[in-house]
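So the sequence lines, in the order shown, correspond to chains U and H. This note's numbering puts the first sequence at residues 5 to 458. This note's numbering puts the second sequence at residues 5 to 458.
Mixed in with the good hints, there may be bad ones.
Which copy is meant is left open, so a pair is good if it fits within one copy or across any two.
[Unchecked claim] Only pairs whose alpha carbons sit at most 30 Å apart, straight line, appear in this in silico DSSO-like list of lysine-lysine:
no.: 1; residue 1: Lys-261; residue 2: Lys-346
no.: 2; residue 1: Lys-130; residue 2: Lys-346
no.: 3; residue 1: Lys-376; residue 2: Lys-331
no.: 4; residue 1: Lys-42; residue 2: Lys-158
no.: 5; residue 1: Lys-130; residue 2: Lys-369
What the hints contain is simulated information worked out from the structure, not anything from laboratory work. All values derive from a computational prediction rather than experimental measurement.
There are 2 protein chains.
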Amino acid sequence: MAAVTSNQEKAGPSICGYHFQWLALLAKSLLELARQAKKLGEDDPRRIINSLKAGLSIILVSLFYYVEPLYSSFGVNTTSAVMTAVVIFEFSVGATLGKGVNKMLATLGAGALGLGVHRLATLSGKTGEPVVIDLFVFAIAAMATFARIFPRLKAKCDYGLMIFILTFSLVSVSSYREENIQKMALERLLTITVGCFITILVNICICPVWIGEDLHNLVALNIEKLGIFLQGFGGEYFEMYEEGLPSKDRSFLQGYKSVFNTQSREENMANLARWEPGHGRFRFRHPWEQYLTIGSLTRQCAIKIDVLNNYIDRQIQPSLEIPSQVKEHCTMISLECGKALKELSSSIRMMIRAETTLLHIGNSKIAAENLKSLFISGLWKEADPLERAPATAVASLLLEVIQCTERISNAVQELASLAGFQNMESSRSLEQQQESNQRIYSINLQNHEITIGE
Amino acid sequence: MAAVTSNQEKAGPSICGYHFQWLALLAKSLLELARQAKKLGEDDPRRIINSLKAGLSIILVSLFYYVEPLYSSFGVNTTSAVMTAVVIFEFSVGATLGKGVNKMLATLGAGALGLGVHRLATLSGKTGEPVVIDLFVFAIAAMATFARIFPRLKAKCDYGLMIFILTFSLVSVSSYREENIQKMALERLLTITVGCFITILVNICICPVWIGEDLHNLVALNIEKLGIFLQGFGGEYFEMYEEGLPSKDRSFLQGYKSVFNTQSREENMANLARWEPGHGRFRFRHPWEQYLTIGSLTRQCAIKIDVLNNYIDRQIQPSLEIPSQVKEHCTMISLECGKALKELSSSIRMMIRAETTLLHIGNSKIAAENLKSLFISGLWKEADPLERAPATAVASLLLEVIQCTERISNAVQELASLAGFQNMESSRSLEQQQESNQRIYSINLQNHEITIGE
């Protein structure tokens with residue numbers, strides 16, 4: 005008996021402990037979740053607003069179900085408006101508009117085709133009808149599924165093709181039992197259109213997220229990251245620090261690495277941005293394609309920079325024998341290319357034509373020529389070739405970076421002329437003109453007052 | 005009059021010509037479409053089969069609508085089975101299974117929650133009911149929309165969260181007017197489950213496309229592309245062609261470029277592959293994560309190779325002064341690394357442990373040591389440093405390629421032990437054992453016959 009009690013005593017605390025452990029684990033993971041949610045919200049507060057907008061658009065659409073006169077005019081199909089609101093609501097205006105337009109057009113087209121097939125199928129009697137319908141459903145579903153792999157269709161109307169198959173199958177199959185299939189198809193089209201419009205309105209009118217603007221900023225940020233690296237590289241590698249740069253904090257040199265993984269994101273963003281109407285500084289047919297060109301040139305430059313970075317990472321510091329002139333020229337190339345890239349980045353961001361980029365590229369080219377003539381002068385012949393190898397490799401890579409910078413500069417200039425970036429002066433003179441207009445206006449106003457006063 | 009006739013005559017052919025031009029343009033673009041479709045089909049014939057499978061699964065599900073006893077047990081909700089079949093059918097088994105399981109679980113959870121909210125809302129009377137329902141719909145839709153941005157949830161159950169919002173909104177909102185909401189929710193769950201099962205069965209049973217196998221082959225192919233480049237590079241750069249390699253066809257050196265753009269595709273494939281059941285050589289919990297590690301190391305190596313390729317592209321051929329020993333060692337490093345990578349690739353493809361990879365890497369390391377001591381010996385001191393720069397850069401890059409190859413080799417070996425790749429010998433001995441078993445079996449059979457004969 006005593007043994008049993010002691011066994012129970014032993015078991016008691018251990019089960020309690022087990023439960024306690026389990027609860028503690030649950031509380032810990034809930035806390036972790038909350039912490040993560042807070043971080044995600046802080047990283048991009050638009051996400052929180054977006055969630056509230058999604059809830060709001062569903063509620064607005066659901067009013068059609070609750071309010072009597074609206075409900076009776078749309079019928080049971082009102083639920084498909086709710087489904088539409090859930091499915092097409094996306095983070096950005098471009099994605100929501102793209103899905104909405106796809107959904108409406110596909111529903112219209114597939115509904116009409118479904119009605120046509122129904123008319124054809126009724127000719128073959130009640131027994132033959134499902135066979136004819138299924139033959140058409142099979143053929144059209146198979147063809148539309150195949151169409152979804154065409155690269156151009158996949159990028160622009162993958163969702164529309166799916167909705168096309170869905171609506172066509174639904175209308176065709178339902179037509180077998182539904183008495184008034186035309187009324188049903190029309191009601192469906194109407195409710196979906198209403199659902200789309202409400203969702204798109206909520207998405208555009210309340211704190212809209214323009215994906216085109218995000219693409220614009222992403223491309224500018226990527227170029228800036230390369231610029232930051234290059235401005236720091238020379239000093240870091242040859243230990244000739246410019247004033248103001250921290251000597252051992254190398255984290256600023258790692259920013260460029262994220263540039264490698266943005267290609268598919270950029271392509272997706274450019275596809276969606278085409279749907280967006282003109283807004284702010286962007287007109288309807290903004291040259292989004294050109295951002296992809298700039299992005300791909302940026303990644304090519306990032307590859308060179310990654311190799312340069314290896315020379316810092318692996319601590320292959322050149323020996324002290326490197327002539328100070330070589331150091332100077334290399335640092336100059338890196339610094340000037342960095343300045344050029346940073347100016348290009350802010351030129352994109354502010355949509356103003358870059359002015360001193362060509363000057364910076366010119367400076368780096370002069371440094372490159374000086375570097376080449378230094379090498380030709382045989383200044384370095386007595387040094388150990390192996391010790392010299394990393395430094396010559398770095399020099400040769402820097403020459404390639406100049407080419408990359410020039411290519412990015414050309415692409416940004418093309419963007420500037422396609423998108424009509426303003427000149428720094430013209431933007432200044434515009435400001436001045438506005439100011440002087442303001443002055444003339446206020447003078448006129450005074451005159452007018454004087455006239456009235458008289 | 006004559007003038008009018010001549011005008012008509014003039015107008016006649018030009019309108020005809022316009023129509024004719026238009027028709028010709030249409031015919032041309034249709035032909036172009038057919039040509040493109042043929043090419044897409046030939047590139048991957050599985051796409052054609054996939055389209056037919058999609059049509060078939062919709063037809064099979066539609067039978068539930070046509071056949072009387074099935075229809076009466078499922079009711080009007082049968083159309084949602086058709087919608088399910090359209091929406092969850094995807095190219096690969098992993099994607100279809102993932103969507104199907106997400107859809108079924110989300111419908112179950114959201115339906116149950118919707119019924120609970122309905123019960124709660126009825127407590128507040130007919131006027132208060134829609135307000136209570138909408139409060140819940142708003143809160144839950146907003147929370148679920150926010151949850152979709154958590155990276156882990158986004159990768160695994162983004163679709164499930166959308167279906168959760170959809171079903172919950174649908175059940176909650178419908179409960180305001182629907183008399184028997186429990187029956188409706190249950191029927192919906194049932195039809196969706198039936199739709200999912202039929203679609204998944206069609207997808208798995210008829211020519212299944214396993215996305216895990218595609219990932220496996222993609223990773224192996226990418227490594228092979230690097231191997232092909234490295235095997236050809238030495239000969240191409242130093243113009244010391246091995247026997248059998250074509251001298252001026254450099255297209256084989258460009259294959260590696262596609263390696264850069266596969267990261268997001270690989271990640272997506274690994275996410276979907278986790279849903280797939282064991283099949284062929286892959287068991288259920290195959291280490292798909294490890295393929296991502298190998299893929300990322302492959303891309304790091306491709307960056308070095310891209311820089312090497314620049315030296316071929318830009319025709320920076322080294323002058324003839326390069327000592328033949330340097331050429332030999334560089335070519336040896338490149339060739340041996342290429343062989344190692346190609347062996348690793350076929351080791352993955354055949355799921356057999358690589359045997360001679362370490363030997364090849366060892367050879368390239370010996371060549372690297374020889375190259376280093378050549379440089380130290382000062383063999384090259386009298387040459388012009390600028391002419392030497394490209395060659396020293398190439399040599400230095402090749403040393404980095406050895407490190408990359410070794411890292412890939414380690415990652416593949418880890419994959420081999422995680423996934424239980426067989427040894428070449430054990431696989432051979434297994435074959436031999438099977439052969440000898442066969443022999444013993446036939447001898448036994450002969451003995452048996454003899455016994456019977458006796």
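Hints, one by one, checked against the model:
1. Lys-261 x Lys-346: both (17 Å within a copy, 28 Å between copies)
2. Lys-130 x Lys-346: Close neither inside one copy (72 Å) nor across copies (63 Å); limit 30 Å.
3. Lys-376 x Lys-331: both (13 Å within a copy, 24 Å between copies)
4. Lys-42 x Lys-158: Classified as between; 17 Å across copies, 35 Å inside a copy.
5. Lys-130 x Lys-369: This pair counts as neither: shortest intra-copy Cα distance 82 Å, inter-copy 79 Å.
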